[in-house]
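Number of protein chains: 2
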Amino acid sequence: MVEPGPPIPAIPAQDLDHISLAVPDLDAAMALYRDRFGCTVTDPIEIAAQGIRMAYVQLGNAKIELMEPLDESSPIAAFIARNPAGGIHHFCLTTENADDAAAAASEAGVRVLGKPGPGHHGKRLFFIHPKDSLGALIEIEETE
Amino acid sequence: MVEPGPPIPAIPAQDLDHISLAVPDLDAAMALYRDRFGCTVTDPIEIAAQGIRMAYVQLGNAKIELMEPLDESSPIAAFIARNPAGGIHHFCLTTENADDAAAAASEAGVRVLGKPGPGHHGKRLFFIHPKDSLGALIEIEETE
Numbered sequence: 326m327v328e329p330g331p332p333i334p335a336i337p338a339q340d341l342d343h344i345s346l347a348v349p350d351l352d353a354a355m356a357l358y359r360d361r362f363g364c365t366v367t368d369p370i371e372i373a374a375q376g377i378r379m380a381y382v383q384l385g386n387a388k389i390e391l392m393e394p395l396d397e398s399s400p401i402a403a404f405i406a407r408n409p410a411g412g413i414h415h416f417c418l419t420t421e422n423a424d425d426a427a428a429a430a431s432e433a434g435v436r437v438l439g440k441p442g443p444g445h446h447g448k449r450l451f452f453i454h455p456k457d458s459l460g461a462l463i464e465i466e467e468t469e
Numbered sequence: 326m327v328e329p330g331p332p333i334p335a336i337p338a339q340d341l342d343h344i345s346l347a348v349p350d351l352d353a354a355m356a357l358y359r360d361r362f363g364c365t366v367t368d369p370i371e372i373a374a375q376g377i378r379m380a381y382v383q384l385g386n387a388k389i390e391l392m393e394p395l396d397e398s399s400p401i402a403a404f405i406a407r408n409p410a411g412g413i414h415h416f417c418l419t420t421e422n423a424d425d426a427a428a429a430a431s432e433a434g435v436r437v438l439g440k441p442g443p444g445h446h447g448k449r450l451f452f453i454h455p456k457d458s459l460g461a462l463i464e465i466e467e468t469e
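One line per chain: the protein sequences are P and L, in this order.
Per our numbering, the very first residue in the first sequence carries number 326; after that it's consecutive.
Per our numbering, the very first residue in the second sequence carries number 326; after that it's consecutive.
Everything labelled a hint here was simulated from the structure, so no lab data went into it.
One or more of the hints may lead you astray.
Where chains are identical, the list cannot tell them apart; a pair therefore holds if satisfied intra-copy or between any two copies.
Unchecked claim - List of simulated lysine-lysine pairs, DSS-like, C-alpha gap at most 30 Å:
id, residue 1, residue 2
1, K456, K440
2, K388, K448
3, K388, K456
4, K388, K440
Isolated chain P, as found in the complex (with noise of 0.2 Å):
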C-alpha cells in the first residue's frame, strides 16, 4: 500500500509582492505615503489597457500600489464607486512560473481572470477570481 504523498500545490507561492490600494485621488495618496509614512513614491505612469494611473510606494521588503480610475470605463471606477474613500483592491503573491501556475489552476477547478500575459512591467501575471479564494482579488506574478 502506497500512502498518498503531500498534495502539489497549483500555485506555488513565493513573495508578497505588492498590495493594491484604489484611490479617488493619486496625488493625494502619493502624497499621504511620502509625507505621513515617508516612503519613497514611484512618479506616476498611465496604463491605458488597465484605464488606471498609478505609482509604487517602495517598503523595504515589498510594495504598496496605488491605482486611481482614468475615467468612468475603468474597472476600478466601480470599485470607487462602491467606497468613495477608496480601499484594498487586492494582493499580489509571486510564482516561478506564471503560464504553468495558470494552467494548473484552471484544471483544480479555480478560475483564472484573463489569459497569463505580461503586465506593463513586462512580467507575466493573472488574476483568480475571489469566488475561488474567499473572497480576496489575488493576482500571481512571474517572479523577476
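Start from chain P and add chain L according to the hints.
Then chain L, alone, in the frame of chain P:
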C-alpha cells in the same frame, strides 16, 4: 532666509509585515493556502481579547494573517456580515517606535484607534482610522 526642510513623517514606515484576511471558515482558509499555494501555515490560535481565531501563512518576505470571528460580538463578525465570502481586512506596516508614531500621528490630526498596546505576540501596535488613510485600515506595528 531658510528654506523649509522636508516634512518629518509622523509614522516612518519600514516594511509590509502582513496583510490580514477576514474569513468565515479558518480551517478552509488554512487548507487553501497550504494546498493550493504550498505555503507553511502556523497552528491556529484563539485570541479572546480580539474575538478571533487566527493563523499565519508564511511567505518568503511577509505573512498573510487569516482571521475568523469567534462569535457575533467579534469586530470581525460585522465585516463577515458585509462580506460573507471573506475579504481583505487590513494591512500592517512596521515602524521603529509605535508609541512615538501614535503620538505624532495624533498630533497631526490622524485618528489613532486604541492606545498603542502589545498585541498577542507582545509587539506594540495601533490602528489608523480608514477615514484618515484613503479608505484602507492600516495597522502599525513596532519593528521586532
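Against the structure, the hints:
1. Proximity of K456 to K440 under the C-alpha cut-off of 30 Å is restricted to the intra-copy arrangement: shortest distance 18 Å within a copy versus 36 Å between copies.
2. In this assembly of identical chains, the alpha carbons of K388 and K448 lie at most 30 Å apart whether taken from the same copy (15 Å) or from different copies (23 Å).
3. Taking CA atoms no more than 30 Å apart as the test, K388 paired with K456 passes in both settings, with 25 Å inside one copy and 22 Å between copies.
4. Taking the shortest Cα distances, K388 and K440 sit within 30 Å of each other both inside one copy (24 Å) and across copies (27 Å).
Of the numbered hints given earlier, the model fails none.
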